[in-house]
Amino acid sequence: MHRYIPHTEEEIKEMLEEIGVDSIEKLYINVPKTINEYNLPDGKDEFTIRRELLKLSKENVTFEPENVFAGAGIYYHYIPTVVNHLANDQKFVTAYTPYQAEVSQGTLQALFEYQTMMCELTGMEVANSSMYDGATALAEAILTAVRVNRKEKILLSRAINPEYKQVSKTYCSSQNIKIEEIGWEKSGQINIETLKEKIDQNTSAVVVGYPNFFGIIEDLQKIREAIPEKVLLIVVAEPVALSILEAPGNLGADIVVGEGQSLGITPNFGGPGIGFFTTREKYVRKMPGRIIGETKDIDGKKGYVMILQTREQHIRRGKATSNICSNHALMALVNAIYMSIMGPEGLKEVAMRSYNSAHYLAKKLEEKGYKLVFSAPFFNEFLFHVDENYAEKWENMINKGILGPLPVEKIFPDLSNMALGCTTEVNTKESIEKLLTHL
Amino acid sequence: MTIFELSKEHRKGYKLPHYNIETQEINIPGHLLRKEKPKIPEVTEIDVVRHYTNLATKNYAVDVGFYPLGSCTMKYNPKINEDVSNFEGFTMIHPHQPQETVQGALKLMFELKEMLCEITGMDEMTLQPSAGAHGELTGILITRAYHLSRGDHKRKKAIVPDSAHGTNPASAAMAGYDVIEIKSGPDGRIDLKALEEALDDEVAVLMLTNPNTLGLFEKDILKIAEMVHNAGALLYYDGANLNALLGRTRPGDMGFDIVHLNLHKTFSTPHGMGGPGSGPVGVKKFLSEFLPVPILTKDSKNNYKLDYSRKNSIGTMRSYYGNFNVMVRAYAYIKSMGKDGLKQVGEMAVLNANYLRKKIEKIMPIAYPDVCMHEFVATCEQLTKETGVKALDIAKRLLDYGFHAPTMYFPLIVHEDFMIEPTETESKDTLDKFAEVLETIFKEAREKSELVKNAPYTTPVKRLDDVTASRKPIFRFKFGEG
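If you're matching them up, the sequences are chains A and B in order. Position 205 of the first sequence, counting from 1, maps to 205 under the working numbering, and the rest follow consecutively. Position 74 of the second sequence, counting from 1, maps to 74 under the working numbering, and the rest follow consecutively.
Same shape as in the complex, but just chain A (with noise of 0.2 Å):
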């Protein structure tokens, strides 16, 4: 028998009789039999497992992450030890959706206090307990924003991450709603004129980077001024940067979502992260996903349980809000401790540096003389112009242990000679001097 599997030969007999069957054969009385086995390998020790992952990983080119200057969506922050050490702790691991919430106040807490930490962060009242990524909730965002007003059009900033936007539209395909996208002016902002000019009686939400996907700042105050109060204003929001920039809630957002990879969790290749989505109190009803709630149990000491799941699909089936149901909770949890363990002045800090260092590389490819795109303050990421040959440069520059700025084209197939630089507090003065050698 396989190690996962305890039975004896001897329990499998016994076991047989107590059914009433004299083989295995007779429980599988209502199945056809289509296959004899699979094709595939016999089973393999773990000795031999770990040798052919660990051969697999190696086939992948990884960095030092001070050498790492590309972001776009996926970022690499120092990620202090007791991060993993906890997370990794198998009774968060292993446990399932808290349905026994008496015996799972480990993972609802740790999910509470995730969710009040998500509301400090983005200035909003709830926040539910997990979206798959960053993309999904901003595609559920829209969904939501649909479901409060009834209207059917979106108007979208046509820098936020393309892999967002596209999201957004297979989701939207099928229900009717009408993305359309607004670009940018010079500055690399929103522009404000066509926003106005765009919005009509079937405009629902207007959705905007802060940061967008080029680093830049947009203006939430002036966007929140220029549509209607009846327009859900949704921000797509970078976590990191909320620890300096103003939150998106005193400014008049109405639903805030993004990605939370950055706070805590590795790159993993893109998956997974995690998806926020926090919005206002009386959206609630509306809103997708798992929501954790205090309580009291019947001694009157304070418990935490799943609450509102009348919005489910457990129950309201057919008419849900929505049809997640596994989320990503243990991110969520990831989140939280690495919250936790930076607090405010951490983050802070960890926000400053990615300026900092942001801004100085920006300034040294101008020294290069290297121009940027746009003109807008921007937080860690920003667009600059290269030479046709760039993406030449870039390779080379893999080859030597640099992931060096993106070469934008690859995205945003209409922006040519062009590469999106990005910093976090990890790169030192030194990367920064090995990259421009490399420019």
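Just so you know, the hints here were simulated from the structure itself, not pulled from any lab data. Hints may contain errors.
In silico lysine-lysine, DSBU-like type, Cα no more than 30 Å apart, as pairs [as the list claims (entries may be wrong)]: (1) B/LYS343 to B/LYS472; (2) A/LYS169 to A/LYS222; (3) A/LYS286 to B/LYS472; (4) A/LYS55 to B/LYS107; (5) B/LYS433 to A/LYS410; (6) A/LYS13 to B/LYS385; (7) A/LYS364 to B/LYS15; (8) A/LYS302 to A/LYS364; (9) A/LYS429 to B/LYS154; (10) A/LYS153 to B/LYS156; (11) B/LYS472 to A/LYS296; (12) B/LYS448 to B/LYS472; (13) B/LYS183 to A/LYS169; (14) A/LYS178 to A/LYS282; (15) B/LYS343 to A/LYS169; (16) B/LYS156 to B/LYS311; (17) A/LYS26 to B/LYS343; (18) B/LYS219 to B/LYS305; (19) B/LYS472 to A/LYS301; (20) B/LYS305 to A/LYS393; (21) B/LYS15 to A/LYS434; (22) B/LYS428 to A/LYS296; (23) B/LYS219 to B/LYS183; (24) A/LYS296 to B/LYS8; (25) B/LYS183 to A/LYS58; (26) A/LYS302 to B/LYS358.
Fit chain B to the known structure of chain A by using the hints.
Same frame as chain A, now just chain B:
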């Protein structure tokens, strides 16, 4: 105690690396600069370690004990899988790296895809969806794209049996379909007559779980597939219950056109208290052009590639390539089990379920007494009538005895029920002990019902008031109120 109550201003748990870059001017306009610092806790490393370690002890998990949660397949999660998925070559790669620099990752994903196609009997597969329900939505969008590509615009209905997972109708509705529910027959299986009546040229798809949520195999499946296909509709397989069929039969062989899998169920990747999961979707060849992009391919020189060139694709379902780290775990699991091991999984899961069914039917009746697959549904309706003790009370009392409770009140068609799934990784001793405890609780219910009605007693908190929690919701910690 919450982490917020441990906080003291200016306490620190971090130290950032050495930093020597000159300070640059801040040019962000004042109204866009944060004025108040977020009330995120200020604590030291030991505070954080103790807080989360203590929280972990308040969780029940597979690594703690028996977790017979029906429909959720809570099998043991091998530790080697955790180790290999944490290799830096997997965790520290960026999704925008050139494909030539991530050949190991792409090879792993390609091979996983091939193995899952073999296991399901499907021709092509996407690994992108992040969970089972996400896979359902993907599958239903594929259904929609298929019918529309044929100019078939009138198919607006999705048929979902009343025994289906709650996410099935929700996913169909999200894709814009009207959900038609059909009732199960007296044997707990699809009523072929009801299906016949529901099938017309407006039906796009039948979403089916087989074995169904009563743990019964839809023995008329070949007939069902024929009926659905004759009506011009597609047959969708919810893979949540695939564990039982491993090594025996495949959805593709039974006539299903689309299948989603739950790597976090059948393939032993942990569920992480609610996710991340992974919900690959496989299709028959005629539907492969509709799969979300990118699709993993391999050229003649064994170069692995991400192919975006499918013009009839439904689009993309999430950013990048899915939950890659979960895929590493499933890959390691399938390689560890091999063809023989997977077959044993199916057989021992079915053996365990039937053995436990026999033990439990002496305590509480089985809703549909028949040979079951990996799970079965039992009801304590009679006990409730006699004593007022509900399934919920028994579930809570089980927690006192150190077991996680089975799924309750699902499927909706059985009253005061337990859906029990023991999985293949539990021993006969554990199953015997569970049955013994259940018998004890039934005895308690008859002799001193209040004891059971007020359970649990030994858990970190006692019975929680979830009614008030939803009526007067508290969504976040209220600072200053304790």
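Hint check:
no.: 1; hint: B/LYS343 to B/LYS472; verdict: 50 Å, violated
no.: 2; hint: A/LYS169 to A/LYS222; verdict: 26 Å, holds
no.: 3; hint: A/LYS286 to B/LYS472; verdict: 17 Å, holds
no.: 4; hint: A/LYS55 to B/LYS107; verdict: 12 Å, holds
no.: 5; hint: B/LYS433 to A/LYS410; verdict: 59 Å, violated
no.: 6; hint: A/LYS13 to B/LYS385; verdict: 38 Å, violated
no.: 7; hint: A/LYS364 to B/LYS15; verdict: 27 Å, holds
no.: 8; hint: A/LYS302 to A/LYS364; verdict: 55 Å, violated
no.: 9; hint: A/LYS429 to B/LYS154; verdict: 63 Å, violated
no.: 10; hint: A/LYS153 to B/LYS156; verdict: 23 Å, holds
no.: 11; hint: B/LYS472 to A/LYS296; verdict: 12 Å, holds
no.: 12; hint: B/LYS448 to B/LYS472; verdict: 33 Å, violated
no.: 13; hint: B/LYS183 to A/LYS169; verdict: 35 Å, violated
no.: 14; hint: A/LYS178 to A/LYS282; verdict: 25 Å, holds
no.: 15; hint: B/LYS343 to A/LYS169; verdict: 41 Å, violated
no.: 16; hint: B/LYS156 to B/LYS311; verdict: 24 Å, holds
no.: 17; hint: A/LYS26 to B/LYS343; verdict: 15 Å, holds
no.: 18; hint: B/LYS219 to B/LYS305; verdict: 40 Å, violated
no.: 19; hint: B/LYS472 to A/LYS301; verdict: 17 Å, holds
no.: 20; hint: B/LYS305 to A/LYS393; verdict: 22 Å, holds
no.: 21; hint: B/LYS15 to A/LYS434; verdict: 25 Å, holds
no.: 22; hint: B/LYS428 to A/LYS296; verdict: 38 Å, violated
no.: 23; hint: B/LYS219 to B/LYS183; verdict: 16 Å, holds
no.: 24; hint: A/LYS296 to B/LYS8; verdict: 26 Å, holds
no.: 25; hint: B/LYS183 to A/LYS58; verdict: 53 Å, violated
no.: 26; hint: A/LYS302 to B/LYS358; verdict: 40 Å, violated
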